[in-house]
Amino acid sequence: MARNITALILKSISALIIAEMLFACENKIEDVELFSNKGIIAMETGDDVEILFSENGIIRVKMLVKRMERYGGDRPYIDMKNGVQLFFFDSAGSTSSTLQSDKAINYINEDRLEASGNVVVTNNENQKIQTEFLVWEADEKDAEKKIWSDKFVTITTKNEILMGDGFEARQDFSKYKIKKLKGTVTIKEEEEDNED
Numbered sequence: 001m002a003r004n005i006t007a008l009i010l011k012s013i014s015a016l017i018i019a020e021m022l023f024a025c026e027n028k029i030e031d032v033e034l035f036s037n038k039g040i041i042a043m044e045t046g047d048d049v050e051i052l053f054s055e056n057g058i059i060r061v062k063m064l065v066k067r068m069e070r071y072g073g074d075r076p077y078i079d080m081k082n083g084v085q086l087f088f089f090d091s092a093g094s095t096s097s098t099l100q101s102d103k104a105i106n107y108i109n110e111d112r113l114e115a116s117g118n119v120v121v122t123n124n125e126n127q128k129i130q131t132e133f134l135v136w137e138a139d140e141k142d143a144e145k146k147i148w149s150d151k152f153v154t155i156t157t158k159n160e161i162l163m164g165d166g167f168e169a170r171q172d173f174s175k176y177k178i179k180k181l182k183g184t185v186t187i188k189e190e191e192e193d194n195e196d
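Residues in the sequence shown are numbered consecutively from 1, following the working numbering.
Treat the hints as calculated values from the structure; they're not laboratory data.
A hint or two may mislead.
Below 25 Å or equal to it, Euclidean Cα-Cα: the simulated SDA-like pairs (lysine to any residue) are [what the hints assert, rightly or not]:
{"#": "1", "residue 1": "K180", "residue 2": "Q127"}
{"#": "2", "residue 1": "K151", "residue 2": "E189"}
{"#": "3", "residue 1": "K128", "residue 2": "N109"}
{"#": "4", "residue 1": "K103", "residue 2": "F89"}
{"#": "5", "residue 1": "K151", "residue 2": "E110"}
{"#": "6", "residue 1": "K145", "residue 2": "S96"}
{"#": "7", "residue 1": "K81", "residue 2": "D150"}
{"#": "8", "residue 1": "K182", "residue 2": "G166"}
{"#": "9", "residue 1": "K62", "residue 2": "E110"}
{"#": "10", "residue 1": "K66", "residue 2": "M43"}
Beta-carbon label-pair distances, calculated as ranges [said to hold, decoys possible]:
{"#": "11", "residue 1": "V120", "residue 2": "G57", "range": "27 to 35 Å"}
{"#": "12", "residue 1": "K128", "residue 2": "G93", "range": "20 to 28 Å"}
{"#": "13", "residue 1": "E132", "residue 2": "T95", "range": "21 to 29 Å"}
{"#": "14", "residue 1": "K158", "residue 2": "Q85", "range": "18 to 26 Å"}
{"#": "15", "residue 1": "K158", "residue 2": "R75", "range": "23 to 31 Å"}
{"#": "16", "residue 1": "D47", "residue 2": "E189", "range": "14 to 22 Å"}
{"#": "17", "residue 1": "E189", "residue 2": "D74", "range": "32 to 40 Å"}
{"#": "18", "residue 1": "T95", "residue 2": "N118", "range": "34 to 42 Å"}
{"#": "19", "residue 1": "L181", "residue 2": "E44", "range": "39 to 47 Å"}
{"#": "20", "residue 1": "N109", "residue 2": "T45", "range": "13 to 21 Å"}
{"#": "21", "residue 1": "F133", "residue 2": "I58", "range": "28 to 36 Å"}
{"#": "22", "residue 1": "G73", "residue 2": "F133", "range": "17 to 25 Å"}
The beta carbon of each residue, even a glycine, is placed where N, CA and C say it ideally should be.
Take the sequences, apply the hints, and build the full model.
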């Protein structure tokens, strides 16, 4: 009989210890789920990565990234560090414009990329946009992709340098506008004198 009571006490103590361990671990599991669901822990990482974006089987954008970390959660994104280069292609497959920046974040489900740090966009007309922050995204009004910023921007063309706060442009930089123009510098080409 004493043996049965001792066995019952040991089983009860074991059950209490197991129950306490389960309850003690509950918060830890929730913390892990919180971190993984919020995208705090990178799901994938890579160095010297090339990413291709296509529409209807035609490559439209090639992205070269020095360091990439992909995060999940409700708003999954790719964090790109240590240098980003994007090459935009026209329907014929020719490069229409390029974008370079120190880093960028690509929000996967939103068709949106935010570039920051020494952002430079050039097109095949040798026009250049320079800013510290730029957004590349799909335009809700039409199928055209656009780039824009609300930060200070310098746009250099063959004939002038424009400076202002904020701009909007097509991704190929064929059309653009500065929201708050701050200054314009006209560039004059020096004519060569052919006299001997």
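**Message:** Please check whether E189 and D74 have a Cβ separation lying inside 32 to 40 Å.
**Reply:** violated (53 Å)
**Message:** I want to verify a distance hint. Is the separation of the beta carbons of E132 and T95 within 21 to 29 Å?
**Reply:** holds (24 Å)
**Prompt:** If you draw a straight line from the CA of K128 to the CA of N109, is it 25 Å or shorter?
**Reply:** Violated, at roughly 29 Å.
**Request:** Starting from K151, check that the Cα of E110 is at most 25 Å away, please.
**Result:** holds (21 Å)
**Asked** Lying within 17 to 25 Å: is that true of the beta-carbon distance G73 to F133?
**Response** At roughly 23 Å between Cβ atoms, F133 and G73 fall inside 17 to 25 Å, so the hint holds.
**Message:** Checking one constraint from the list: CA of K66 to CA of M43, max 25 Å. Satisfied?
**Reply:** holds (17 Å)
**Asked** Holds or violated: are the alpha carbons of K182 and G166 at most 25 Å from each other?
**Response** Holds, at roughly 10 Å.
**Prompt:** Range hint 20 to 28 Å: satisfied by the CB atoms of K128 and G93?
**Reply:** holds (23 Å)
**Asked** Given the proposed pairing of K151 with E189, does the C-alpha separation stay at or below 25 Å?
**Response** Not satisfied, since the Cα-Cα distance of roughly 30 Å exceeds 25 Å.
**Asked** Is 27 to 35 Å a correct range for the gap between the Cβ atoms of V120 and G57?
**Response** About 30 Å separates the Cβ atoms of V120 and G57, which means 27 to 35 Å holds.
**Message:** Just to be careful, I want the Cα atoms of K81 and D150 compared with a cutoff of 25 Å; is the pair within it?
**Reply:** Holds: K81 and D150 sit about 22 Å apart, inside 25 Å.
**Asked** That 23 to 31 Å hint for K158 and R75 (C-beta), does it hold up?
**Response** At 41 Å between Cβs, range violated.
The structure fails to meet hints 2, 3, 15, 16, 17 and 18 from the earlier list, while all remaining hints are met.
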